[in-house]
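Student: So the protein sequences, as listed, match chains A and B. For the first sequence, the residue numbers in our numbering are 1 to 285. For the second sequence, the residue numbers in our numbering are 1 to 307.
Be aware that one or more of the hints could be misleading.
[Stated by the list, open to error] Here are the simulated DSS-like cross-link-like pairs (lysine-lysine), alpha carbons at most 25 angstroms apart as the crow flies:
no., chain 1, residue 1, chain 2, residue 2
1, B, Lys72, B, Lys54
2, A, Lys13, A, Lys109
3, B, Lys166, B, Lys248
4, A, Lys137, B, Lys299
5, A, Lys13, B, Lys54
6, B, Lys268, A, Lys137
7, B, Lys248, B, Lys72
8, B, Lys299, A, Lys113
9, B, Lys54, B, Lys299
10, A, Lys109, A, Lys189
11, A, Lys189, A, Lys113
12, A, Lys189, A, Lys176
13, A, Lys113, A, Lys13
14, B, Lys63, B, Lys268
15, A, Lys137, B, Lys63
16, B, Lys72, B, Lys268
17, A, Lys109, B, Lys299
No wet-lab data here; the hints were simulated from the structure. Computed from a predicted structure; not experimentally measured.
Residue-level listing of the chains:
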Amino acid sequence: MSFLVTEDRASQKTVIWRMIAGLGVAAVFLIPYAVMLIGSLKTRSEILAIPPSYMPREGAQWSNYLTMWDTPETPVAYNLISTIVISLCATLLVLLVATPAAYYTARFKFPGKMVFMFLVIVTQMLQPAVLTAGLFKQMLAMNLYDTWLAMILINAAFNLAFAVWIMHSFFASVPKEIDEAAQIDGAGKLRVLFRINLPLVWPGIVTAVIFTFVSCWNEFAASLVILSTAENQPLSVALTRFVGQYSTAWQYVFGVSIVAIIPVIVLFMLIEKRLIGGLSAGAVK
Amino acid sequence: MSVATAPKRTTKRSSAREGGSFLAALPWIGPALLLILAIVVFPAGYMIYNSTRKISQVGTDLKGVGLDNFAKVFADPALPRILLNTVVWVVVVVAFTVLISLALAQFLNKPFPGRTLVRMAVIVPWAASVVMTTTVFYYAVDPNYGIFNKFLTDIGILDGGFGFTKNAVPAMAVAIVVAIFVSIPFTTYTILAGLQAIPNETLEAARMDGANRWGTYLFVILPQLRGALAVAVLINIINVFNNLPILKIITGAIPGYSADTLMTYIFKVLQFDRRLDISSALSVVNFAIVLVIVAIYVKTVKPMKEV
């Protein structure tokens, strides 16, 4: 909280203006999701009514949130489990693989480093959407077609680049002298990474984790091609099954969307506190 | 500059001491390398291979045709408009995203009651999948049952429902707004993380030197944000360039290619014309363009602080 004092001693009037502006900002970012929530509470006929109503005229249909789990279109409960398992495992894999790579490339020179970093950035430029044909063929060959593991590997591989990059730039901002001092004191590289660098690069790791998890959670194109069984598919793909050629079950599209969004927001609430904690720790230093 | 050269010498000494061989690096970068080679390199190679083949519409590989597919791609009369759309799409979305995010991050870095809640609100479009967010926008601007159209009619801006997604230009505009909307959270948070990494001492020193707000921002804060900003811009360029769902959902119903970028065009060629060979060639072109842009960017901006 030290910045409260040093950054600016805001007058009460300034603080009130900031709160009003904050309210405006929040509204802009929340309105589309309010539309989503309200839509999810309308009946099927009402959501397609012309002209539309702002609020559900026939009362909020909370029952949509019960009936959406049991529709002929897709098994939403299974879709939720698939999404959770794939996203968690892929995020963990990314962290395990990206942290040492980011640290080492930010700290040490070695032959082939530029090639490695180039390869990483090339990965970032290629997205699963461009490569679906090849991924499909490959997963068939590896006997992983229509499995969670396939999507865990694909999600991890395609999100690795960002994690390496963001952590690389955070590691690079930690003065090397700190490492060197620790090494002179006899600490090994792993110890230097865990004890000295990780606490300092917390904001970077948090950013990398959030980015990876959210991107896995919302992955669409590859899942569409790799996961053919309805039960294995994540929510993002399941959603499209409600979009019919002639009429769309918008209330379910929005209901499933809301259910998919809430866990990610909760996760972020948990991490946001850590982010602030890590930051105030950094400010003390 | 002189400050930069001093630690460089130290590094050289230390890396010599730390054994700068590829083998020493392998335990650290090996897992990442393996994952990339196994999951990304093969499909990429397959794409390049397909771009030199003639493949029937049912997927039978007929024969190698060298660069014929590329000749066809470049002779395509739809290509200039698609390239123009792609440039407009990337430049407008990234520019507005970064400008808005810089301001927003600055604002969210200031203390006020309820700031955490506002930050949460800003994260929501990031938490939601792009497909979901785009879908709700698409629904809202529907000329018949769309809420946004009704709102514009009710407050008197429109006389009746307007088909935002029926013509290329308004549809592109809607898609651009959606793309900016979903890109802001990530960009803002990256800048925010950068802002919070700036030591208070630096800001205090600037204040004591009598720098005003804008002076402090331009000459003290912005240079410190360079790393965070460089990465954010780069990731945005790549993501926006490669974005498929937004345009696919918003402009997908428009006949012809007047609202297509390279990315959506690739999918139309694959989905409707069923030409894996041509679409692979387009993908290679798409990839080459991203590669060139990124190479120029990396060369000029140097987003990686190199040792």
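Student: Determine for every hint whether it applies to the structure shown.
Tutor: Status of each hint after checking the structure:
As the CA atoms of lysine 72(B) and lysine 54(B) are separated by approximately 12 angstroms, the hinted pair is consistent with the 25 angstroms bound. Straight-line distance between C-alpha atoms of lysine 13(A) and lysine 109(A) comes to about 53 angstroms, which puts the hinted pair past the 25 angstroms bound. A distance of roughly 13 angstroms separates the Cα atoms of lysine 166(B) and lysine 248(B); the hinted pair therefore holds under the 25 angstroms criterion. Between the alpha carbons of lysine 137(A) and lysine 299(B) the distance comes to roughly 35 angstroms, so the proposed pair goes past 25 angstroms and is violated.
Between lysine 13(A) and lysine 54(B) the CA atoms are separated by roughly 70 angstroms; this puts the pair beyond 25 angstroms, and the hint is violated. Between lysine 268(B) and lysine 137(A), the direct Cα distance comes to roughly 21 angstroms. Compliance with the 25 angstroms bound is thereby established for this hinted pair. Annotation: proposed proximity of lysine 248(B) to lysine 72(B) holds, straight-line Cα distance about 24 angstroms (limit 25 angstroms). Restraint check for lysine 299(B) and lysine 113(A): the C-alpha separation of about 16 angstroms stays at or below 25 angstroms, so the hint holds.
Between lysine 54(B) and lysine 299(B) the alpha-carbon distance is near 37 angstroms, which puts this suggested pair outside the 25 angstroms criterion. Proximity of lysine 109(A) to lysine 189(A) is assessed by CA-CA distance (about 14 angstroms); at most 25 angstroms being required, the pair is judged to hold. A hinted pair counts as satisfied when its Cα atoms are at most 25 angstroms apart, and lysine 189(A) with lysine 113(A) qualifies at roughly 18 angstroms. At roughly 13 angstroms between alpha-carbon atoms, lysine 189(A) and lysine 176(A) fall within 25 angstroms of each other, so this suggested pair holds.
For the hint linking lysine 113(A) to lysine 13(A), the alpha-carbon distance of about 53 angstroms lies beyond 25 angstroms, and the restraint is violated. The suggested pairing of lysine 63(B) with lysine 268(B) holds, with an alpha-carbon distance near 23 angstroms, which does not exceed 25 angstroms. Restraint check for lysine 137(A) and lysine 63(B): the C-alpha separation of about 19 angstroms stays at or below 25 angstroms, so the hint holds. With a C-alpha separation of about 16 angstroms, the suggested pairing of lysine 72(B) with lysine 268(B) holds against the 25 angstroms cut-off.
Restraint check for lysine 109(A) and lysine 299(B): satisfied, since their Cα atoms lie roughly 19 angstroms apart, inside the 25 angstroms limit.
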